[in-house]
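Trainee: What follows is each chain in one-letter form.
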Amino acid sequence: MLKTQEYCLNFGPQHPATHGVFQVILTLDGEKIVKAEPVCGYLHRGIEKLAEARTYTQVIPYTDRMDYLAAMLQNLGYVQAVEKLMGIEVPERAEYLRIISGELSRLTSHVLGTGVYALDIGGFTGFLLCFREREKMMDLLEELTGSRMTLSYARIGGVADDAPEGWLEKVDRLMDEMPGYIEEYNGLITGNEIFQARTKFVGELTPETAVNYSLSGPVLRASGVNYDLRKNMPYGIYDRFDFEVPLGTNGDCFDRFYCRVREMEQSVRIIKQAIEQIKEVDGPVMGKVPKVLKPPKGEVYHEIESSKGIIGYYVASDGSNKPYRVHVRRPSFVNLGYLDEMVRGVLIADLVAILGSIDIVLGEVDC
Amino acid sequence: MSDWAGVFIFFTVALVFGAGGIVTAFLIQPRRSNPVKLEEYECGVPTIGETWVQFRTSYFLYALLFVIFDVETIFLYPWAVRFNNMQFFTFIEMIIFIFILIVGLWYAWKEGALEWK
Amino acid sequence: MEVNKEKSGIETVTNEIWAPEYFGTNPDYHNMYPVKRVISAGPLEKILNLARAHSIWPLGFGLACCAIEALMGANGPRYDLSRFGYEVMRGTVRQADVMVVAGTITKKSAPFVLRLWEQMAEPKWCIAVGSCAISGGPFVDSYYVIPGANKVVPVDVYVPGCPPRPDAVLEGFLMLKDKILQKRKVVTG
Amino acid sequence: MKERVKAPVEEIRQKFPYVEVDEQQTVIVPADKLLELMQGLKNEFALDFLTNETAVDYPEESKFELIYNLNSICHGYTMMVKTSVDRDNPEIPSVFPIWGGANWQEREIYDLMGIVFTGHPNLKRILLDDKFDGHPLRKDFQWESVRE
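Residue numbers (the working numbering), protein chains in the order written: chain P, 1 to 367; chain B, 368 to 484; chain X, 485 to 673; chain A, 674 to 821.
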């Protein structure tokens, strides 16, 4: 066999398919990848070090800027960790508002994930179609929290303020239309033969390696592992809603993508049930929380199910009003740990499909 | 002589159109050359390892097949333009020409030149 | 196009942020490589600026959350960037006209932001989107963040916000158009 | 919140005598017995999902505290395991052979905190560039602020 020469290629920081500044140094033999070495850290802003110099409430805006696509779920993780540390009771209405805005945030994140994945595979119209719905959802979130993306809506002990007049009816109306929109996505993107040819049986992941490499979120569930924190370890009031957890069969890029689309349908169901139940619940939106939060000395680790996977907050406090140490277990960062072995022997075009299906967000990878 | 003038005019207009764009761009463009601009662009970071590498044959085979069938379509154009006032014989002749190329395509397909090794 | 870079107030950059291996130790790089032309006529530039201003090709290069708003949101169906003709998002640096720095520049990404800027073809501009690109934003006292894109590249238009709304980014593009057409845009208030 | 399945901390205490358990059900193990305990936890107690691994710097007690959070997917309980390592030569065996997920998390701890993990496949800096000196997340890390 004639010897072929390998060469190095930068799948570099500035690249349309890397969802931000993320570099993969590829050793290539023709089009086949021999070795892939991911290099991240181009967006490392040292949030964990900054959090040590901020009070407990001032850390909330930093959690928005990590996974800036589902900001409410990041706030929720941090806020529930501190509440667990201080043992604060959250009023009923605040719990419901957290669920509704959290699931809306998950919907915007999954819609963007669907649209950008269609863009990665080459379908620009899929991107435009998904962004049409995303703008509607961001209008609702902006009406509730005042900001489109970096919401900072959760507070330790409750939420910032109550839903404005008529907001819940607007959300309800949009949720009635969502199944129709999701049918459109399926028709345009999921049913597309070229899309299926590019993503089916590409980058397959066995359940054992997925669990061993502690991948989480749609990446784990696409391999058939039934592990969703909202079901297995319910936090907040998730046990009052019934919804299924979509699972994939052979863990390839198509299953990861399709799990996200079906999770959107489940989020719609949760929001509709939450809106039904919040009608007869009213009361304060903020629990009894001292002006200056001084949690007792101790540590807590609390994790919730964010749109990219399990987001976990480890908060250690030394009794002062500033956290002693905040560590964030970031799903996109851990999901990338297995990228090197996963793309060995794969063509470059499939690397784009695999990287898009893991759905990383660089603010979260580099923290 | 006159029809040759037509060809000559067509040729010079094409030349002027092409070269003219390049020359005016050279004259009026703002130019700032510095060492980094002349380096190769690879996603914003310097390249790793040596980049003068012999490429694999499958790239060359794909290019070869493309050129063959591209040239074939060029031959089809004049025939298609003068299609309606031609006798039946030229139609048969062109069908034979196309058939020969289809045999070539079938052979390349069978030999696996299209699959990516 | 005589956008006078010297007056745009780029202060000398501390050596440690600047990437020394690219430009030796001379931090003020403007007069090292002046812009040269074979023919430079005033009215000719005005005509060329008309074409340049109405079809700026942005470089698809998003760093952080501002990229979602500036590049994706502005290109989305509602805040349509292609109404102004700026929607051709180029992947390579060689074909781009404006570098939209949308996000935080960290010490690890400063050399490649600078390299991208130097490899862009003249005439080129830079829009700094978001408070991280203007002055470091919420991460200004981090050990790894460069406080502002103007420490690395000369910036023409600043779009404040964290992240700015997509229509603020459109306003930034239109201000850049006015700057290219030499129309002095007096910003009141 | 609904009462969760409790982690079988008592059986662990009987099975591994060198382990203490504090009031929050976190298992504290000396550094040299770490791998043996972790292997036992994964095999007998089905704690097959390492969600989180992080380190905290306690300069006054001159030690680094390493925190491992383990989940069990089939039984549905979680557990926190803590070890501590001396601050002057922070050297601890890597748990990468047991859970593959520790690969990048340990590289991040090495990068930001400076704890060396023996037995790690490629222990290099992951977030900061290689010319960066010092480990930022240590309490005594100084850097000049760039605020004008």
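Because the hints were derived from the structure by calculation, they are not lab data.
The beta-carbon is built from N, C-alpha and C at its ideal position, and this holds for glycine as well.
Just to be clear, a hint being listed does not mean it is correct.
Unchecked claim - Below, simulated DSS-like cross-link-like pairs (lysine-lysine); rule was C-alpha separation at most 25 angstroms, straight line:
#1 K170(P) / K322(P)
#2 K736(A) / K297(P)
#3 K322(P) / K804(A)
As the list claims (entries may be wrong) - FRET-style restraints, in silico, Cβ to Cβ:
#4 G575(X) / G298(P): 41 to 51 angstroms
#5 E460(B) / E204(P): 49 to 59 angstroms
#6 D705(A) / K35(P): 47 to 57 angstroms
#7 Y731(A) / T418(B): 41 to 51 angstroms
#8 A719(A) / G298(P): 20 to 30 angstroms
#9 R562(X) / G180(P): 13 to 23 angstroms
#10 Q579(X) / T440(B): 49 to 59 angstroms
#11 R562(X) / F689(A): 34 to 44 angstroms
To be verified - So the derived list for chain X, only partly shown, Cβ under 7 angstroms to chain P, looks like this:
#12 Y517
#13 P518
#14 P527
#15 G560
#16 V572
#17 K592
#18 P595
#19 F596
#20 R599
#21 W601
Trainee: Each hint: holds or not?
Mentor: The hints, checked one at a time:
no.: 1; hint: K170(P) / K322(P); result: violated (39 angstroms)
no.: 2; hint: K736(A) / K297(P); result: holds (18 angstroms)
no.: 3; hint: K322(P) / K804(A); result: violated (31 angstroms)
no.: 4; hint: G575(X) / G298(P): 41 to 51 angstroms; result: holds (50 angstroms)
no.: 5; hint: E460(B) / E204(P): 49 to 59 angstroms; result: holds (52 angstroms)
no.: 6; hint: D705(A) / K35(P): 47 to 57 angstroms; result: violated (35 angstroms)
no.: 7; hint: Y731(A) / T418(B): 41 to 51 angstroms; result: holds (49 angstroms)
no.: 8; hint: A719(A) / G298(P): 20 to 30 angstroms; result: holds (28 angstroms)
no.: 9; hint: R562(X) / G180(P): 13 to 23 angstroms; result: holds (19 angstroms)
no.: 10; hint: Q579(X) / T440(B): 49 to 59 angstroms; result: violated (29 angstroms)
no.: 11; hint: R562(X) / F689(A): 34 to 44 angstroms; result: violated (59 angstroms)
no.: 12; hint: Y517; result: violated (22 angstroms)
no.: 13; hint: P518; result: violated (27 angstroms)
no.: 14; hint: P527; result: violated (37 angstroms)
no.: 15; hint: G560; result: holds (4 angstroms)
no.: 16; hint: V572; result: violated (12 angstroms)
no.: 17; hint: K592; result: holds (5 angstroms)
no.: 18; hint: P595; result: violated (10 angstroms)
no.: 19; hint: F596; result: holds (6 angstroms)
no.: 20; hint: R599; result: violated (9 angstroms)
no.: 21; hint: W601; result: violated (11 angstroms)
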